[in-house]
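For what it's worth, my numbering labels the leading residue of the sequence shown as 609, then goes sequentially.
Read the hints as simulated data drawn from the structure, not as lab findings.
Misleading hints may appear alongside valid ones.
Computed Cβ-Cβ distance ranges for the label pairs, DEER-style [stated by the list, open to error]:
hint, residue 1, residue 2, range
1, Gln699, Ser737, 16 to 22 Å
2, Ile612, Thr646, 37 to 43 Å
3, Ala683, Ala614, 28 to 34 Å
4, Val728, Val665, 17 to 23 Å
5, Ala615, Leu709, 30 to 36 Å
6, Lys734, Met652, 24 to 30 Å
7, Leu629, Ser733, 14 to 20 Å
We treat Cβ as the ideally placed atom computed from N, Cα and C, and that holds for glycine.
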Amino acid sequence: MRWIPAAGSKRWWSIALLSTLLTSGALWLIRFGINGQTLTSVHMLRFALLGAVISLVFSLAGWLGARWIWLFSNAGLIAGLIAMSAYTAEQTGWEDLAGFLTFMLFTICGFAAGSVVQIVAFFVSKARSK
């Protein structure tokens, strides 16, 4: 994990910006490209805000030193985007909503798994330092 910046590094904010752009772009691509929904500025803004909030929360965790949370959260985010694109392709209504909920579930599960791994890593490092 040497490629992940250290806690408190300014690189985390560059990562947050890049992650925001990539997440928002992926959400737009799935919604407007794959699903073929009508392109509206309101929905674009909502997906951009969702991408920004998710990216900032994950990057803040990394900036605070929780690098495992950042790593697993992004893995869950990517898995969620893939699952959402698979579930919502050419679907409308409830199927579209189910795909979005699947995306959120994968993202939350990634965050939870990262939190568990981060806690275990903390206790392992404390045990080794004794």
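Status of each hint after checking the structure:
no.: 1; hint: Gln699 / Ser737: 16 to 22 Å; in the structure: 52 Å, violated
no.: 2; hint: Ile612 / Thr646: 37 to 43 Å; in the structure: 39 Å, holds
no.: 3; hint: Ala683 / Ala614: 28 to 34 Å; in the structure: 20 Å, violated
no.: 4; hint: Val728 / Val665: 17 to 23 Å; in the structure: 21 Å, holds
no.: 5; hint: Ala615 / Leu709: 30 to 36 Å; in the structure: 33 Å, holds
no.: 6; hint: Lys734 / Met652: 24 to 30 Å; in the structure: 46 Å, violated
no.: 7; hint: Leu629 / Ser733: 14 to 20 Å; in the structure: 34 Å, violated
The structure shown violates the earlier hints numbered 1, 3, 6, 7.
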